[in-house]
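Both chains come to you apart, so use the hints to assemble them.
Protein chains in written order, with the numbering used here: chain A, 1 to 484; chain B, 1 to 322.
Worth double-checking, as some hints may not be accurate.
Some chain B residues close to chain A (C-beta under 8 Å, calculated; not the full set) [as the list claims (entries may be wrong)]:
#, residue
1, 56
2, 63
3, 64
4, 125
5, 238
6, 240
7, 241
8, 251
9, 252
10, 253
11, 269
12, 272
13, 275
14, 279
15, 283
To be clear about the criterion: a stretch of chain A counts as covered by chain B if any three or more of its residues have a C-beta under 8 Å from a C-beta of chain B, and this derived list gives those stretches [claimed, not checked]:
#, stretch
16, 146 to 155
17, 219 to 229
18, 327 to 334
19, 423 to 436
Just so you know, the hints here were simulated from the structure itself, not pulled from any lab data. Note that the structure is predicted; figures quoted are calculated from it, not measured. Yeah, the Cβ is synthetic: ideal placement off N, Cα and C, and Gly gets one too.
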Amino acid sequence: MTAARPALRVRAARFWREYTRMRTAIFFLIGVVAIVAVGSFVPQAGTSDPAKVQAFLSNNPTLTSVFSWLQLPLTDVFVSPIFYVLLGSLYIALGACVLRRGRALVVRTLKRYPRTPQYWGEIGSWVFHSSLFLLLVAVVWGKSTGYQGLVTLVEGQSFTETRAGYDQLQEGVLFNGQHTGFTMRLNSFNATYQTSGEASDYVSNVSVMDHGRTVETKDIRVNDFLGYDGVNVYQQDYGWAPTITVTNPQGQTVYSGPIEFFDEQTQQGNKAEAVGVLKVPDFDYTIPGASQPVQIGARIAMFPDARVIPTVSSGGTIDPSLTQYGPGGLAPRNPVMEFQMYVGDLGLNNGQAQDVNVLDTDKMQPYFSDAHVVAIPLGGSYTFAMPGANGQQLPFTVSFAKLQQYSLFQVNKDSGVPLIYTAFVLIMVGLLAKLYARPLLERRARRRSGVIRLDPRWTADVSGEPESQPAPEPAPDTREREPV
Amino acid sequence: MASTPLSLVLFGVAVGAYCAALVAFVLFLALRKKVLGDIGLAAVLLGWPVQAASIFRRALEAGHWPLGNMYEYSTGISFVVVTTAVILMVRARMRLIGLPAMILAIALLGVAYMLYVPPGELVPALHSYWLTIHVTAMATSSAILSFSFFFGMAYLARRWADQRMLATAAAREPAIATVGSGGGGVATMTLTGGGGSAGTGLGGAPLNQLASGVRKVLPSSRSLDLWSYRFVMIGFPIWTFGVICGAIWGEHAWGRYWGWDPKETFAFITWVIFAIYLHARVTYGWREKRAAVITAFGFAAILFTLYAVNLWIAGLHSYARA
Chain A
1 MTAARPALRV RAARFWREYT RMRTAIFFLI GVVAIVAVGS FVPQAGTSDP
51 AKVQAFLSNN PTLTSVFSWL QLPLTDVFVS PIFYVLLGSL YIALGACVLR
101 RGRALVVRTL KRYPRTPQYW GEIGSWVFHS SLFLLLVAVV WGKSTGYQGL
151 VTLVEGQSFT ETRAGYDQLQ EGVLFNGQHT GFTMRLNSFN ATYQTSGEAS
201 DYVSNVSVMD HGRTVETKDI RVNDFLGYDG VNVYQQDYGW APTITVTNPQ
251 GQTVYSGPIE FFDEQTQQGN KAEAVGVLKV PDFDYTIPGA SQPVQIGARI
301 AMFPDARVIP TVSSGGTIDP SLTQYGPGGL APRNPVMEFQ MYVGDLGLNN
351 GQAQDVNVLD TDKMQPYFSD AHVVAIPLGG SYTFAMPGAN GQQLPFTVSF
401 AKLQQYSLFQ VNKDSGVPLI YTAFVLIMVG LLAKLYARPL LERRARRRSG
451 VIRLDPRWTA DVSGEPESQP APEPAPDTRE REPV
Chain B
1 MASTPLSLVL FGVAVGAYCA ALVAFVLFLA LRKKVLGDIG LAAVLLGWPV
51 QAASIFRRAL EAGHWPLGNM YEYSTGISFV VVTTAVILMV RARMRLIGLP
101 AMILAIALLG VAYMLYVPPG ELVPALHSYW LTIHVTAMAT SSAILSFSFF
151 FGMAYLARRW ADQRMLATAA AREPAIATVG SGGGGVATMT LTGGGGSAGT
201 GLGGAPLNQL ASGVRKVLPS SRSLDLWSYR FVMIGFPIWT FGVICGAIWG
251 EHAWGRYWGW DPKETFAFIT WVIFAIYLHA RVTYGWREKR AAVITAFGFA
301 AILFTLYAVN LWIAGLHSYA RA
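Just chain B, with the same shape it has in the complex (with noise of 0.2 Å):
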């Protein structure tokens, strides 16, 4: 058996620092001690370089551009998920992020690892430009776009955290239940009214306790929205752009720019599921809650982009399958 290759050590090296930050990150969230955010962070930028250096030493062993099979994209949009997830942290401070980008960054390195084929020849098809650019702007807009769930996913709690509050607070004292704050509104304020009295009864202490603990944690569900909807704002045209620069591509090779092939199809859906969340930003009825749970069909859609499509079914992209 051949000797593993340097880019392959640099990999687990870096898998490595990227597992110690996800304990600090965890126990960052479980004790709140600003320390262990900076431990994580310290290690998230540990990992960072190796993880650059192992992409780079990759290519060269390659001798292409390292995103020709499933194991070099899954580790090309890991990389691009921890460089978001280190930007958030270093210039927005937001140490918490730190948390969900590490397990996706781990899950798709161990995917990426599942799939591992020695740097090698390119099949005919990947033998142009294209690959650089189409498949660049596919990895870093699905790695982008997973902030946007995070952060929507990060809204409902939080926007479930001040329900939770207000209607505990106006099941002590009811009068309070009029001044209408905050985001839910008084008609979803009477709704959960009820439902937060039924809790002070049974189990309601510890679901409050968690309420005031998300409350804690997570900045307003206004900035969360906000940010989800920045992520989308980035993502999404560089995943227009993306399918744009893939239906070129399929006309130069195969002769059509588009043809229904499993994963056009699944990158058509993506980008549809998030074009529906543009508009249900400004829909009433739709804009807030709606809207946070869109961005979990369009996380659930790029990863069976990513994988269902080359692991399931067959289709002209399946020479990505190794």
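Just chain A, same shape as in the assembly (with noise of 0.2 Å):
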């Protein structure tokens, strides 16, 4: 046991001497490289759509396999043990550089060595490799202190800054759980198009109320933020808000409200066309003879300014009651719902938590068998029937009453922004002494010295060099053995 120890400590010894060589850090950046290559190839879990994501898996069974095998991430890249042990040992073999390095640099400024362009140069490679340690420390200080939400408001909603204020929040685990508790009021959207149908601006105008009364207005643009008490509110999406109303058999209105519709799936960006779901679970009604009460669903589209497609009848005269619409400009000059109509049982009762932009269709019915679609304009309703007792029709409605925009905010809170934009001016310095310090002293000792005359401008042996003086052979470096 105790003669083992020596041989033991040894070996670790030599273990430590290898792995903090340049070399090994070399191999750990390769590492770096490669696995976030596939990061940057496959599409990733977190980042992108989850469609597509599927969809790379299913049409590249083979890659999957293999990389299920050799028990690679392919989809969770940046999340991966994998990726955080490289990124790990790269560190720790990072921070054995930094403090070897610093040790030395420490005792040659206070033995007072002569100042060498080459400890200039030093020093700045301390600064840049301590610089990126900075980075980390911040990056984990600023995550984990902080939190960041999303936040829909339609315009003349507010909404307040606390937990349940937001629509998806993520909390760091070193978070306090103080939100500000500020309001923030959207008092209107707009957005502006390009003749191309692209947008050329877009803009929330906000106001922010603390404490009771108004502090700040303000119009917040893709690059322009909000700052108010440490927590920081972007402007990310937007899109078109139609205000829908329902009134059940009984004459009650059992739903109105402004539902958040989205770009259609294959054409993001497009405000042509929005896509959206209305579910009325408290529909108040039970059709007799049923067990239940019934619930009402469907899946709208919307255009703002809607494209008239007339049809023919077979009888060679237009009827209106088969117009199709489709998608015409930006502006919501014509504002036309298409509904599709479903009736039976929302399966909100099976505990688990539902998309609110998704129609489980599995427990319903279509309203109409071959699945025809209603139309109604801006202003305007539609009737349904529902069977009442006795073979009677009920009628229950439901009208588009107002067509308004939502626009999509990113909150975030993170205190180590101002340390990671030190870091980044640390990182620049550092690197920059490193690469030029020795070689802009040096000349200038030559220039001084007048030994050699050299053209300033373009001279081969200016620097960059390991040694100062050309080596013909290539004997061992003596920087070799120092990390990273």
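Okay, here's the thing in structure tokens:
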């Protein structure tokens, strides 16, 4: 036992020396490049559209099985253990290097060795490499003590910066739970378009209220965020929010409110057509003979500026009931909704969280057996019928009351950002010093000594060489053992 | 159809001049007549101000900094490539660098033309002064780092030619092998010595001719290696700066400084590859051949960052597709 100990120590020391060599760092860096490259070619679960990730996996079965056989990450590279292990190994080697070189630099500085050009290069290199640590600390600190959330506001709506105020919220593990509690109201939203249909600008006009009074009114744009009380609000996306009103057979208004519509799946960014889902769980009507109340739902397409596609009936005349609609322009000149109505059970009671934008029609029936689509223009309504007692048909109506826009905001608190910017500055300073201090100082020294008359612009042996003297033979480099 | 904008006409003239220069440089390499190199340079010097005018004119037509889409971006990179080549040709008297520079510049301009869009407004994501800073830094460093690849490949060619000549000499007169000259070292010489003696039998002569040709055309391998390093020394900090500016811009526009978006990821990969190059240069066993090979990976990564991400992989940076 005791005899084995020195051997182990020797072996550990050898491992450590090998591990902290530059050569090892190069292999770690190559590893990082390889794994990150996978992450850039393959759609990633966290950042890409889930459908795209699924499509990639099913389109590349061989690659998928090879990667899973090798236990390598494919669609979750940036959160995979191997990625963190590589990064961690690299940072450990980096740490060893920063400490060792830092100590050597301190000794050199304290003992007042001559300040050679190489010394300043070393300082630069040390600053550069230790700023990478600062960067890591800043990122981890900022993410763990902060949070990021998403908020959707229809024009006129407000949001209060509390946990409950968000559509989606991710809090860091060290976040103290203290939200700021200010209120932000979306006064208006405005998007303008180029003739090509691409957005040229979109602006959310918001007011910030704190302790009951308005403290700020601002236009939030993609490149112009709102910062208040350490929290930043960014313009992310927007869309149409038609207000739909539903009245049940008893004449009660059972649903009324704006619904956020989204871009068509295949045409992201195109606001000339939007799709949404209506769910009315509390329709408050029971079909006679049924055991439980009926619910209604609908898949809806909405065109802010519908193009009318007239359809000629078999008789040769234009039949208005067959008129179809398609996407036209982007301004809300002729808003029309197309409804596909479903009746039955929305499936909300099975205890599972349901996506508000997906209609689960498993336990529902289409209102029209031929999947007929009902068009409702803005301000209009459509009267459907529900079976009543004694074969009676009871009317219920759906109306398209109002068309507004909603704005999607990203809300962040990240107190690591100033530290990150500091690291950025130090990285640049260190890098420039590392690369330029030595050649520039050496050139100045040579010029001053006047021994060699060099063309100051384009001499071959200015700099950058590991040795300042030309080395005719590849002798083992003294710097070889300096890691990273 | 609208009439062709002046910027595009000037673009065409510049491409014509560069093509003429390319022909001259190819002939210069083949015939080694100094006047051909000068003609090439003259053609480049003719095209360069025309391209500058085209870019300036485009900026006026579009009303923004002319790096807002892939046409403008490709054009911008090729302009920096040509500018760098002009400086090298005029001040360092390296006519031959015009050859790879023209190939790259014309290729970039070709892609630019394929992705041409008429001058127009920017998408909202690009409404920022960071466009000027970040994209200019990325374009400049992409172009500059490409030169480290040119010199890296020239270094490998010259190194191969040197070793080939040494090996041939060694095969003829074995005694010379004991004289360790050049960067190759004894071990390498013994290795290639075998190949050299075999080469003298079959197909050796043309290769030897090629090697001696390479030695006549290219400067010493040590100087080529240094030039390669020099361009990393200039390009790498600019790339670093560009990526940092991109992170700050991302924080301003999207509320996150880093998101592993494909374009960001590839910019990071390129950065790490050139970081590997810098480390390789001070690591025994890596500093010579391998360091030069790394520049090839770096160049490939630059091209990927530039195009592949925009054209094949969708991401937040895909607005620059057009």
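Failing hints, ascending? 1, 2, 3, 5, 16, 18
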